[in-house]
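Here the UniProt record's numbering is used: the first residue of the sequence shown is 1, the next is one more, and so on.
Careful, some of the hints might be misleading.
If you anchor each label on the Cβ, the simulated ranges turn out as follows [what the hints assert, rightly or not]:
1) R53 x A85: 54 to 62 Å
2) L165 x A124: 39 to 47 Å
3) A161 x E99: 23 to 31 Å
4) A67 x V134: 25 to 33 Å
5) P78 x A161: 15 to 23 Å
6) V60 x G89: 51 to 59 Å
In silico EDC-like pairs for lysine to aspartate or glutamate, Cα to Cα no more than 20 Å straight-line [unchecked claim]:
7) K186 x E101
8) K169 x D88
9) K173 x D163
10) K96 x D162
11) K186 x D162
12) K96 x D163
13) K173 x D162
14) K186 x D107
15) K96 x E86
16) K182 x D163
Please keep in mind that the hints were generated in silico from the structure rather than gathered at the bench. Ideal Cβ placement from N, Cα and C applies to all residues, glycine included.
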Amino acid sequence: MTAPLTPPPPHEPSAQGSPKHWPPSPGGYGFGHPALPDAAYGQDGPGMKTELREAAVVTVAVAVTGALLGVLWWWLAPHVPLVGAETDGSWVVYLKDSEGEQAIGVDGTFTLLALAFGLVSALAVFAWRRRGGVPLVVGLGLGGLLGALLAWRVGVWLGPADDVLAQAKAVGKGVTFSAPLKLSAKGALLAWPLAALLVHLGLTALFGPRDPEPPYSLPPA
Numbered sequence: 001m002t003a004p005l006t007p008p009p010p011h012e013p014s015a016q017g018s019p020k021h022w023p024p025s026p027g028g029y030g031f032g033h034p035a036l037p038d039a040a041y042g043q044d045g046p047g048m049k050t051e052l053r054e055a056a057v058v059t060v061a062v063a064v065t066g067a068l069l070g071v072l073w074w075w076l077a078p079h080v081p082l083v084g085a086e087t088d089g090s091w092v093v094y095l096k097d098s099e100g101e102q103a104i105g106v107d108g109t110f111t112l113l114a115l116a117f118g119l120v121s122a123l124a125v126f127a128w129r130r131r132g133g134v135p136l137v138v139g140l141g142l143g144g145l146l147g148a149l150l151a152w153r154v155g156v157w158l159g160p161a162d163d164v165l166a167q168a169k170a171v172g173k174g175v176t177f178s179a180p181l182k183l184s185a186k187g188a189l190l191a192w193p194l195a196a197l198l199v200h201l202g203l204t205a206l207f208g209p210r211d212p213e214p215p216y217s218l219p220p221a
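Produce the entire structure from the sequences given, and follow the hints as far as they go.
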């Protein structure tokens, strides 16, 4: 006759006398590290006033860097060559190379620079405040849009004057001069904020802090 089998106790005591639990599920930064609270704010994060203040700082800081984008755009964008001619006492201005792609290159240069600035600004904001939050993301997107607008106006201001007839008269008949810096594709203004939001979203999903899951223990028999 055999003795009846009895199930093991639900909580096996450890060497210190405390019950053993299943290890917590991995979370945190996408590589199995546990979630860590923001050291500056604690477990619950900053309050709404603090988040709004940080979002305002991000908006201004990102927008101001648009001046640098405008300078780079003015410096790197290709020049569109124009030529002036005088016919019957009146001046006309036309493209020197009607099949040239310089105008497309101007828009392309702005778009590529704006994408790069969106990437860098998203990395900087995420490195500064990993916890993020809706106000911070809104500030990043708004700052990118304002920065793109500022870059556009700075580049136009640094470029050649808008009065092409006056330039044609100043340089003389048949002499090549540069057209004003112009952004034909206004959709390029959205490249910076969209790139910043997408990169920040990806960084938050991969490396952002997550709420830790409570440890799981076996229910009693």
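Results for each hint:
| no. | hint | verdict |
| --- | --- | --- |
| 1 | R53 x A85: 54 to 62 Å | holds (59 Å) |
| 2 | L165 x A124: 39 to 47 Å | holds (44 Å) |
| 3 | A161 x E99: 23 to 31 Å | holds (26 Å) |
| 4 | A67 x V134: 25 to 33 Å | holds (28 Å) |
| 5 | P78 x A161: 15 to 23 Å | holds (18 Å) |
| 6 | V60 x G89: 51 to 59 Å | holds (52 Å) |
| 7 | K186 x E101 | holds (18 Å) |
| 8 | K169 x D88 | holds (14 Å) |
| 9 | K173 x D163 | holds (16 Å) |
| 10 | K96 x D162 | holds (17 Å) |
| 11 | K186 x D162 | holds (18 Å) |
| 12 | K96 x D163 | holds (17 Å) |
| 13 | K173 x D162 | holds (18 Å) |
| 14 | K186 x D107 | holds (9 Å) |
| 15 | K96 x E86 | holds (15 Å) |
| 16 | K182 x D163 | holds (13 Å) |
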